[in-house]
Amino acid sequence: MASETFAQLVGLSTGVLLLSGVLLVWRRSLHAQVALLATQGVALAVLVLVLGLHESDAELLAVAALVLVLKAVVLPLILVRTVARLGVGVREETPVINTTASLIALSMLTMLAYLVSRPLLTLGDGPTTTAVPVGIALVLYGMLLLATRRHAVSQLLGFLVLDNGIATVAFLIAGGVPLVVELGVSLDVLLVVLILQVLTSRIRTEFGEADLDDLSELRD
Amino acid sequence: MSAGAAVVTVGQAAVLVALSPLLVGVMRQVRARLEGRAGAGVLQPWRDLRKLLGKEPLTADGVSWISVAGPLVLVASSLLLCALTPVLGTATLDRVPNDLFVVVAALLIGTVALALVGLDAGTAFGGMGSSRHMTIAALVEPTVLVSVYALSIPVGSSVLSQIVEARLDHPATIWSPVSLLALLGLAIAIVAETARLPIDNPSTHLEVTMVHEAMVLESSGRDLAWLELGSWLRLGALLGLLATLLAPWGVATEVTALGLAVAVGALALKLALIGSLLATVEVFLAKVRLFRVPELLAGSFVLAFLAVTASYLVAS
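Protein chains in written order, with this note's numbering: chain A, 1 to 220; chain B, 1 to 316.
Don't read these hints as lab results, they were simulated from the structure. All C-beta atoms, glycine included, are put in the ideal place defined by N, C-alpha and C.
Computed beta-carbon distance windows for the label pairs:
id, chain 1, residue 1, chain 2, residue 2, range
1, A, E55, B, G36, 52 to 58 Å
2, B, L269, A, A32, 30 to 36 Å
3, B, F291, A, V198, 35 to 41 Å
4, B, A32, A, D57, 54 to 60 Å
5, B, L277, A, S29, 19 to 25 Å
My request is simple: use the sequences and hints to build the entire structure.
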């Protein structure tokens, strides 16, 4: 692949990763958020695919397929089913801080990501190195989602954005991890999501909705 | 060079005066057809304008000279905006470069004139409309500035013509993430600035929701015609700017008769396309609550800000 096309494709896929992260914080409807998470999964798979084609690495191509299946299809489907089982009234999130404030926080976090990754940017000047801050920004977005959202499904979304961010940084810096490790991590994420989904439905049957603020007291 | 630049500058204003009412007509017609109505035809805004210009303005008791001067200031600032937006050619006058900050200043003069007209008659609705208009304007101007600023960083100049020329020379930059983020932010800001859905409903006459209509409620006759024309010109110029940044092909870099003719045709086509697209999207949108408008605009500001951060920090 020509290096210019490669640079453009890396730029475009990391751009979509960043944009879907911003929109995830912006939108309140859980359905829209799950759709955005699937978009993010596709963008991550495209990024891995582009890296694999550039380095002619068959293992990375397999990892790309794995990422596509897990992050763009399986996990969003599980989340869609969880959201569908919720009542109509609770499909919108009411964050702890309002959307305008979280969007301002988002721009600050992005600046922070670019500033802390300056030492990494000195490692090289290829398109993959310059895109590293996007991965770190995604990690920070995930933490923001985890910290400011009340809904159990939104917490799950935050966790998955965090995981996407870590994966993005790993692929961009190290050209990916060995297939065995990737398989292990993917299985871990899948298990965590399944367990949290069960937990969410348990919370819902106990309390009627999946608002984590209801879990402020210990009872037996 | 100077004569050619003058031709381009005057030509842009003249062409946009001719095309902007047609653009509004196209948008209304597309919306009407999608809603299953016959529609009034593409030429209806021109007919309205001709009718209103022939009528003498009736003014409320106690209005000041602002009500007469305001509409003229709005039209003058909109004409300046049209003349400065590089929709036809990239040649610029030496004394008046179409710098980003000059363009936004021209935009703000019109915004203030419109708000003063709304306040002048002293009615509750006019004041309410002006207050909302200024709130939205205060949130929109930074986004317009920041998003075009993001586009200007790779070029190294805030002159719009040079940005357009650079995009003509390197079409690949149009699809770069920085450019896409900035254009998305700019598009939302333009929709808010020109009072379209979902910020303001241009066809509403329901008192509690209107913004633009509330300000022109007390105007009539010639004054109303100038206010409407001024607002349409702003819509034409801003959508033209967006279309030119998105698809710079057809813009004349040198002043020749053939080049300008091609540029006029390309502009008409681009405006028709972007107007139809906007009208189609509007059919599926509902107006957002006024208290959620800052959210939308904060979102567009963040997109523009991200574009600046990415282009500055990666480039340095």
